[in-house]
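Colleague: Residue-level listing of the chains:
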Amino acid sequence: MNRLLLGLVLATIAADAAYAAGPDLGAIQQSATNWPAIGMFLFFVVLTLGITYKAAKGTKSAADFYAAGGGISAGTNALAIAGDYMSAASFLGISGLVYTSGFDGLIYSTGFLVGWPIVLFLIAERLRNLGKFTFADVASFRLDQTSIRIISAVGTLVVVAFYLIAQMVGAGKLIQLLFGLPYLYAVIIVGVLMIVYVAFGGMKATTWVQVIKACLLLGGATFMAGAVLLKYGFNPETLFAASVQVHPKGDAIMAPGGLVSNPIEAISLGVGLMFGTAGLPHILMRFFTVSDAQAARKSVFYATGLIGYFYILTFIIGFGGIALLMSDPSYFKLGAAGTFDKLKDMIGGTNMVAVNLANAVGGPYFLGFISAVAFATILAVVAGLTLAGASAVSHDLYAQVIARGRTTEKHEVNLSKLSAVVIGIVAIYLGYVFENQNVAFMVGLAFAVAASCNFPVLAMSILWRGTTTWGALAGGLVGLISAVGMVVLSKAVWVVTFGNAAAIFPYDNPALFSMPLAFVTIWAVSSLDNSRRAQRERAAFEAQFVRSETGIGAVGAHAH
Amino acid sequence: MSGSTLGLRGGTAPPSSRAAGAAVDPQIDRIVRTPEFQQLVAERTRFGLILTILMLVVYFGFIGLIAFDKSLMAVKVGGGTASLGLFMGVFVILFAFALTGIYVARANTRFDALSDALKRSVGQ
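Sequence order for the protein chains is A and B. Quick note: the first sequence uses the working numbering, first residue 1, plus one each step. Quick note: the second sequence uses the working numbering, first residue 1001, plus one each step.
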């Protein structure tokens, strides 16, 4: 039972909102074309394309392309970070989870938030002081460029690939449901728009698209939660009491349910969410868009507030769904005698709770608005991912590994744009291929790889003097392979996708095992490494340390 | 510490414009020896470590209670509908935000002041 629930929850956090409806998957009907939603979405597209046009005119140098010229303010960056983090999965998935299980939704909200203090205390300022465009700049600061850039870029591309597939498939399903557009059209629209944002507008456009979407999403969610609370006299207690009365599980929704009955699984999930946040390449990139460490620090503080506020809103929205939708048959597929299952028969599946609630509190135009915001949300997140992937290809793999630093800035940026186009096309293709595959585990896997490969390499190279190239390379590889391997051997892939009888790895979340394995490998291999290069690398720690702690000598992303 | 004159990069690494600015710098050694630098690093490391541990304890304590003591989490607060677990969950969210706030407040005043003093003393 526990497995089943965890599977369901994993399905929920995947952006793949519609997929998470599980049993409904085969039965997704393309709904009637939703004109108000399409109109509002078109408005968003026109607005963001205008911004992209403006950004493209101002994007000349590599610093402009990768880091928006380093000119993003702390407040704007906070909105962009929050936007990257508030995916359609958080909004639709967590409110849907609260709707079905009440309290258990809060477990995910907290898990997604607690990584941010860690990012602030250990990573953000040092990253800004040491790096320029990608986190590989930082990890390879005193280590061998070629090896470290390869492992960082591979870690980045794996995270981006899994995250992107989940988002693309989710986007296709969601748009099919919300707008009444065919799946393939939806995937192509998302893919083409993200290519345009990234290839023409670079980080500037990607940031502003994210900021606009964050404002729309926060505004829409605030209105919805406010409308729900208004109906209950702004007293959450009254809302909870009303919810408990109509929910089939009754008072049980106020307490932990089946989500965390296996402590190891729960802790492993927590480790993945917490430290994965500190290794997501599209989030780490944002620390290079601000002018200095102070701004990096402030942006995490504001972003944590915005994200925490957003999760509290989704919790209220979930309960609003229980209290306001559950007793209204018009939101359900009715059975023969006009009966319906409150938890299973919601039109569009339980991930549509927030969307249906929008209709209940704000009418069809607000429904259209929220649908458009959900689409915009996916679009902004995939654009950020695409830029992170393109940077890894051009700045890390091409410029440093293949061309060995002998390339021009213009050439590198052009290659990055080309990479964005290729990544976009590949994403469209994968979105199409994976339409009916189980992609629910992919976001969880992306977090696990980020926590087990990117984070250990980054943290150890910054914080531990003893780290050597061999250590970081071996540890990163071990983390990457073990995280992917454990997920392949777990139930989600080994049983559900490959059709084997029993899972070889007993847990759905590998991070509790794969992340320490990576750290131990970095430590062990580095300690055994007594080559001359290793000695030079340890000796070079001092200079890196001074710069990471003080910012003295730090490179701004401004063009010189 | 004396090793800083050995250069920053692995021997086979290609030259790159980024590292050039941070190349062999006798000043590094001087900065490391200043009391301001040592104090800044010691204070910030300690402060960051304490806050990190607090976050880990609070979050994994919350998850642990959910895993091991569900009945405690279900206890009603003040005879209403809301459970203790719900307050704890909201507390974890507020706590995470508060911790980042505390760190930023401390960094904006104390750490930045130390850092500025350091930069003045090494003439940057």
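Worth flagging that the hints you see were computed from the coordinates, not collected in a lab. One or more of the hints may lead you astray.
In silico EDC-like links for lysine to aspartate or glutamate, alpha-carbon gap of 16 Å or less [what the hints assert, rightly or not]:
(1) K1119(B) <-> D1029(B)
(2) K249(A) <-> D341(A)
(3) K1076(B) <-> E237(A)
(4) K1119(B) <-> E1036(B)
(5) K60(A) <-> D328(A)
(6) K1076(B) <-> D328(A)
(7) K60(A) <-> D341(A)
(8) K1070(B) <-> D251(A)
(9) K344(A) <-> D328(A)
Colleague: Run every hint past the structure and note whether it holds.
Modeller: Now the hints, each set against the structure:
no.	hint	in the structure
1	K1119(B) <-> D1029(B)	holds (14 Å)
2	K249(A) <-> D341(A)	holds (12 Å)
3	K1076(B) <-> E237(A)	holds (11 Å)
4	K1119(B) <-> E1036(B)	holds (9 Å)
5	K60(A) <-> D328(A)	violated (55 Å)
6	K1076(B) <-> D328(A)	violated (28 Å)
7	K60(A) <-> D341(A)	violated (57 Å)
8	K1070(B) <-> D251(A)	holds (14 Å)
9	K344(A) <-> D328(A)	holds (14 Å)
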